[in-house]
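Novice: First to last, the protein sequences are chains A and B. Residue numbers for the first sequence follow our numbering, beginning at 925 and rising by one. Residue numbers for the second sequence follow our numbering, beginning at 614 and rising by one.
In short, the hints are calculated from the structure, not lab data. If a hint is listed, it holds; no wrong ones were tucked in.
Heads up, incomplete: computed chain B residues facing chain A, CB under 8 Å, no partners named: (1) 798; (2) 800; (3) 801; (4) 803; (5) 804; (6) 807; (7) 810; (8) 811; (9) 813; (10) 814; (11) 815; (12) 816; (13) 817; (14) 818; (15) 819; (16) 821.
Computed footprint of chain B on chain A; a stretch qualifies when at least three of its residues, placed anywhere within it, have a C-beta under 8 Å from a C-beta of chain B: (17) 1258-1267; (18) 1270-1279; (19) 1291-1300.
The beta-carbon is built from N, C-alpha and C at its ideal position, and this holds for glycine as well.
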Amino acid sequence: MGAPVLIASDVCKRFGPVQALRNVDFRLEPGEVHALLGINGAGKSTFIKILSGALQKDSGTIRIGGEDVHFRAPEDAIRAGIATVQQHPELVPDMSGLDNIFLGRETASRSLMGRIDREALEARADALLARFAVPIDLSQEVGQMSAVEREAVAILQAIAVDGIRVLILDEPTSTLTDVEREDLFALMNQLRAQGIAIIYITHQLEEVFAIADSFSVFRGGACVARMSVDEARSSGVSLADLMLGEAVGDIFPKKADPDARGDVFLEVRDLSLTHGFENVSFTAHRGEILGLFGLVGSGCDELAKSIFGVDPPDQGEILIHGRPVSLRKPREALDAGIFLVPGDRRTEGLALSRHSLFNVPMANLRRAAGGRWGLKSRQLRSDIQRLTDQVALHPPHLNTPASGFSGGNQQKIVLAKGLYSEADIYIFVEPTVGVDIGARAKIYGLMRDLSERAAVIVVSSDCDEVHGVADRTIALHKGRHVEPESGVFSRDDLLMAGIMGKGSL
Amino acid sequence: MRTWKDRMRHSTRGLGFVALVLIVAAIFGALEPRFLSYVSLNGIARHMAANGLAALGLTFVVIVRKFDLSIAGVAAFCAMSMGALIAAGWPLWSVILAGLALGAVIGGISGIAISRFGLPDIVTTIAVGSIGTGLAFIYTGGRSIFQNFFTSGITDLNDAKLMGLGVSMWLLVAIYALAWFVLSRTRTGLAFYATGENPMAAHFSGIATRRFVALAYVLCAMCTVLAVLLILAESGTAETNKGANLMMPAYAGVFLGAAIMGGTSVIASFGGILLITMLLDGFALMGLPYYYSDGVVSLILLIGVLAFSDGARGTLEALRFLFWPQKPTKPTAKGSDA
Chain A
925 MGAPVLIASD VCKRFGPVQA LRNVDFRLEP GEVHALLGIN GAGKSTFIKI LSGALQKDSG
985 TIRIGGEDVH FRAPEDAIRA GIATVQQHPE LVPDMSGLDN IFLGRETASR SLMGRIDREA
1045 LEARADALLA RFAVPIDLSQ EVGQMSAVER EAVAILQAIA VDGIRVLILD EPTSTLTDVE
1105 REDLFALMNQ LRAQGIAIIY ITHQLEEVFA IADSFSVFRG GACVARMSVD EARSSGVSLA
1165 DLMLGEAVGD IFPKKADPDA RGDVFLEVRD LSLTHGFENV SFTAHRGEIL GLFGLVGSGC
1225 DELAKSIFGV DPPDQGEILI HGRPVSLRKP REALDAGIFL VPGDRRTEGL ALSRHSLFNV
1285 PMANLRRAAG GRWGLKSRQL RSDIQRLTDQ VALHPPHLNT PASGFSGGNQ QKIVLAKGLY
1345 SEADIYIFVE PTVGVDIGAR AKIYGLMRDL SERAAVIVVS SDCDEVHGVA DRTIALHKGR
1405 HVEPESGVFS RDDLLMAGIM GKGSL
Chain B
614 MRTWKDRMRH STRGLGFVAL VLIVAAIFGA LEPRFLSYVS LNGIARHMAA NGLAALGLTF
674 VVIVRKFDLS IAGVAAFCAM SMGALIAAGW PLWSVILAGL ALGAVIGGIS GIAISRFGLP
734 DIVTTIAVGS IGTGLAFIYT GGRSIFQNFF TSGITDLNDA KLMGLGVSMW LLVAIYALAW
794 FVLSRTRTGL AFYATGENPM AAHFSGIATR RFVALAYVLC AMCTVLAVLL ILAESGTAET
854 NKGANLMMPA YAGVFLGAAI MGGTSVIASF GGILLITMLL DGFALMGLPY YYSDGVVSLI
914 LLIGVLAFSD GARGTLEALR FLFWPQKPTK PTAKGSDA
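With the hints as extra help, turn the sequences into a complete structure.
Specialist: This is the structure:
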């Protein structure tokens, strides 16, 4: 195949105490489709962010076409011939596909008053389409396009720059239907035929054999395997085996005693939401932690928000303490005793510019006022002090704005807010995204303590987390829940259930 | 509720504010000795009462991170409506209640349009304000209303004194105290602030954010009615341009106060409006034409907000390079790059 187009060697990246990448070696041949595999937190995203210039490596070298490169910004990467299409491409919905493709690059002259030469633009578009025959109408507004058409526009936008040799696609198929996926693969084949190498991130293992020439597997921040698809096929190696490493055990608290399991606090029967999930049923008991594993796009996040009344379900029943309830907004869910620790704490959980005294009582202002109107400041302060001690907020400053804390400690403030709201059903969505190991262990421990008096549900796309902390697990795959055949999921079965939608390997 | 360090920082800002007020008073006093006379100070207090009520209403809207540009229009329409009712012989208390109710309805229209139906706040309030300005003409076609004004007792709001202080000032203090209690000592206040800080997180916390946004506009319009009531009391007539001068001081007071005190609050607005009113009256006393004084005060507002805001401090640092060009910046680099 000739000289590799891209070689990375010994690339390291550290975020605070977390070694995100350790000595990554990576090679990409010209004109190959190369799949990047790995579970959440394995380092794939960090690695492609470095390749696309969004992050800077701490050490190591990256060579493109034999030349050492160092990217300080995404523009540097594009200039060096690496284009990236994000998982959710940023396009302007009110503009046509054509205008989106050339947005900001309409004219050859960069002057502010440079006129847009429509004819030249259309000629460039024709040239682009001559190379890649995409069966879409580019004069259509992007907002009117289907998911795969938008993806195609984003790809054309990325490669409209001259000299692109490498294209990075971050989970392009996560929002596509099977038919749309075939269209995307057709476009990828055309790109490959033009000599553009593609790095392709996916969680869908069957796609690797359908489209890729070769693949690399990331695990624990290192690239642990690189082989061609043919090799993998002939040797019969299991991709899932490669992706799984040793489970992290020590940060998780003890499992609950199955005999101590209490009453059913929450039951969900055949819950459905259009474009979210279908016929999901489960029960959550006091005294146990229920784990819900699902990848991005599996409907997990939607399910949690639906139960919490943010986006009420279209069909199905929610029963709390055995009584059916109808929760149309978060206020009603809170009154019914449900608290949601949202997946995006910065936008959904906290007023970042405010301190704990402001944030913690927010979901239970009635308690803060002792049932009256005026706040009981002294009582409030001592309650919050006790809760921040309980969650081990560090540094233990009640007057520091939430934005001044690390991700883990911000999450502890949300937890204190949850504890203050005195719910008896807690739903944690992606509770440890951006949370360091120490704070993770503390948060898991708090969940265990909480489960003694409440039903705790952990919703996460991190299989190790769900398996590690939960006493009982189910998976969500493409909006449908998958239950273990033998009653209990092993870690690997759970992973496979979330990735493939099957109950066993 | 605060640590020692916090208390210090907070009171430093407060002390700085008091010092600023004293400096402004001293400068005007030196330039124009009449500024510190009893008559002048009383005038400042009266003007501050009207300006301060408008600023207080606006404070609620600014706390939920919105804008209300309908203040002048609401003031004009409500002024003429109350004038017409006085001329029609309604007793004063019923005129005030009717005015407040009218204000609440207008504020409610803006508030619901913005919170429930998601209309842009600036456009909506400009439209509602303009409609108000137009409606102000329906009673007399633009002529002023003064019938019954001196017998209705409305002028007492301007003239009567209680313990040496005008009743309008007492009204201001009473309503500010109530608003301070609500915003900083009740759960309603927390909900207002939460709605402004992060509406999504507030919604996830079960706070009816739309309701609080709508309520802020209702309160703003009602405070505007009280403000224009005091203006009617002072001038003894209702005219369609009454209230045209409420908007700029209100915004200036709220934002200058917030800049100096480090956040929007009732106390910050009180201090802000005190400063702004002193500046306006001081310039008027020195004979600066009214058509300049608005501009001068607005300029001071911009400088004040810039000087006190954390975000702008970095910009000021950057501006320093304009005066000390030997610092390492290359303004020409941009040109060659393009």
